[in-house]
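Trainee: Here's the letter readout for the chains.
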Amino acid sequence: MPILEVQGITKRYGGLIAVNNVSFSVEKGEIVAVIGPNGAGKSTLFKLVSSFVPPTSGKVVYNGQTITGLPPHEVARRGLVRTFQETTIFKEMTALQNVIVAHHLRCSASSLGIYFASPKARADEVSFRDRATEILDYLGLGAVKRLQARNLPHGHLRALGIAIAMAAEPKLLLLDEPFAGMNLEETDAAVEMVRGIRERGVTVVLVEHDMSAVMRISDKIIVLNFGLKIAEGAPAEIQRNDAVVEAYLGRPDDELGH
Amino acid sequence: MLLNGVVLAVNYALIALGITLIFSIMNILNFAHGQMFMIGGFVVYYLYGLFGVNYFASLVAVVAVLGVIGWCFEKFFFQRMRKMATREENSMLLAVGTALLLENLALSFFGEKQRGVPPVVSGVFKIGDAFLPAGRLLVMVLALVLIVGLLLFVQYTKLGRALRALAQDREVTYLMGVNVDRIAALGFALGAALAGLAGGLLMTVFGINSGVGTVYSIKAFIMIMIGGAGIVPGAILGAVVLGFAEAIGYALLPGSITYLLIFVGLIVFLLFRPQGLMGKPWG
Amino acid sequence: MDQATDNRCPATAGEAGGSLFSWQALGFTGFLLLVFVGVPVTFGRLPYFITVLTNAAVLSFISLGVWITFSIGRMNLAQGAFALVGGYVTAILATRYGISFWVCLPLSGLVSAVLGALIGWPMLRLKGVYFAMTTLSLTEAIRLLALNGGDVTKGATGIVNVPPPGTIWIFGRMVVPPFSSADPMPYYFLAAGMLALGLVAVWRLSNSRLGWVFRSLRQNEDLATSIGINVAKYRVMAFSLCCFMAGTGGAFFVAFQQNIYPSTYTVADSVNFLLYCFLGGLDYLFGPIVGAFLLVISFELLHAIQDYQALIYGALMIFCMLCLPNGILSLRLRRFDGRRNPKA
Ligand SMILES: Nc1ncnc2c1ncn2[C@@H]1O[C@H](COP(=O)(O)OP(=O)(O)OP(=O)(O)O)[C@@H](O)[C@H]1O
Ligand SMILES: [Mg+2]
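First to last, the sequence lines map onto chains Z, X and V.
Under our numbering, residues 4 to 261 are what the first sequence spells out, in order.
Under our numbering, residues 51 to 333 are what the second sequence spells out, in order.
Under our numbering, residues 66 to 409 are what the third sequence spells out, in order.
Treat the hints as calculated values from the structure; they're not laboratory data.
Given the structure is predicted, the values throughout are model-derived calculations rather than measurements.
As a list, the in silico EDC-like pairs of lysine to aspartate or glutamate whose alpha-carbon atoms are at most 16 angstroms apart: (1) Z:Lys94 with V:Glu286; (2) V:Lys192 with X:Glu138; (3) V:Lys192 with V:Glu286; (4) Z:Lys223 with Z:Glu8; (5) Z:Lys94 with V:Asp348; (6) V:Lys298 with Z:Glu77.
Work out the full structure, taking the sequences as your base and the hints as a guide.
Mentor: Here it is as structure tokens:
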């Protein structure tokens, strides 16, 4: 059974169809990339899958259950977590605090228990702190974990965004342009990091413009153009696909692979 | 009744346009708008009512006084706040503070009495089987002229274009070499002057006292909430809705029930359409 | 330096026992001593001054609620409305049904909190100026409701002659003596007690995970949602806590002044609660308390210059805001920052 099945999902904004009847599925343990020119509807697709915006039609099946119509925090609770295209962090907390707060789903204490610092709540917080430290170390943020998040350099901010998502213990992680604004070296490190996330048993779907990274990392690629899925397949197939090449032709700045 | 609605709507539009102007340019909700309205009324009271200055000259004085107040607010208060504040709420809270300052100022200098002025023109027009005092007609026509003038000004003059550019995108306007701070101060002055003018006009119909500031601020808020904050046609629409709702309500219902209903209606309305009638949906 | 930042992490919530001996706790003990021993000994014979302090204490208690809504990133201008609701609940229950003030006090808070949750649920979806404007409308709406409430609220005449709080007996012993309008001292102790309790409660809140969740809502609601935080639930929780404080505060003032009118809390009051927080500093728990005491006391001191009292008060306030746009307490922070965190 695939972990994610998107069935004919469509989103209209007034006259504009941002995502048009898109279907695909993702198997457990895969890394799947969604590519397409600017405005193709990639981010909108992520928002639909994570239930942040309701679809005009179609549905999303996750782990065999339809999650369309559930509130987004509920979807996150079931292990489907997204990151954001724009840098999105809690600016006025330190990196460590960001990740500790993000452990929210793992709280076993009730609100009252938390308020009165019940033994359970205390144990929670101690373990969250350890786990947060571990996640930050793993993502290479150990050295800056006590800095205010707003003061972190850009590369670290993107990693922190992923660290926050990881803290929510996703089974399926949607990464929106995780390598944006990174130089070659940073991208290489980040690619390794995403692989590592998969090794931890997390299925990853990512949107990315950096084609060389996409080609290296993904098991499967889905191509969107003007909201429509125009191709799907292994990286090598996609590179040879005429429709894909055509979609990118008008945009010489987007190199397709090598 | 409906004629009253028109008179109100036109003047409210003046208020709503002023607050919209300030909101769209500075992204500040001018809490002191009603207080500016009230000061405009008092300027007319003193010049025209007490010293017998020509009514139109008094209105010019209103523009001058409120223009200076608005300009100073932006120049000395808000620009400073924007540079120093660590939380974005702080500018909004400063706006609340300025409202209190103006109100206390008025209380200290003008006292608490209700003030009125003799009508500018006398006579009554009969339209259909309704009567419209000439004073109200004058107020309506003046307000209409001002609104049209303002819209033309914003649309076609250089300064107007700069204001619109600023409302669209602060950064870009700055990069284009426009002196953003100066334009913003002028915009604030203009918005304040509009509030004052509305005060100077409605003063001849309803009179004024130091306490009305908050009432008119709230009216201004209602209008922009109905229409959508920062949107010019929305402001006018909001004014029309509020003006007629008020005129009809006051004619049919006892005193304060009208406003109770307006508030309840407004809150329910916002729950379904938080961005107002003409605003863009968020997110 | 590590220690300093650590104190602000939720993980230390578990070590609350340890932080009992922290500076915060020491400061709080000092505060208690001052309020319950220092003030009564010094000003005990000045009923006027005691009355002013009582006012300031409960006003800051109510503003503390507004501070909670600031912590979730909402500018709440409805606090006056909920204080009015709480006040009317106490006034009606006490005059009509003869229910003891000591029952009415928490009950008023509860009614306000439930009402706040009901209204807040949909209203909290609004943000920024929209939320501010809508809550402002709510303050006006509730006032008009009281004005048109017919027999229930007695309209503009208000409800007068509300009995003062009565005696509390426990096992035949008199624990709390009866209050009388002639002596403000018992009211003062009650007000100070409420404030101290409120402070501890909100301090606990803001240092627990709940406080951190609230802060995360202020900083980014979408991100909070994405990590599984039920944003709507916590928003409503914060808002109804805030309303609870408004309700109990309103109930106190009814007992203190023995009357309530629709105009007891107007937009101006809602605005004042906000300004107390702002003046003290939005980022500090003690902000609303510092702000409220300073403004209330300075307003009374300016009483001497009658005519220009309001004017100078307004000017002073603006002056304060401009000099310290992040609140009076930001002065202290700047000093500590220089020492603890030279990098920042
Ligand atoms: N809330 C919205 N309201 C109206 N139109 C929207 C909204 N969100 C997205 N759109 C439109 O939908 C289309 C797809 O947007 P989307 O952000 O999904 O593109 P994208 O593929 O992520 O592009 P990019 O590569 O630039 O991130 C765009 O034309 C955009 O303008
Ligand atoms: Mg995108």
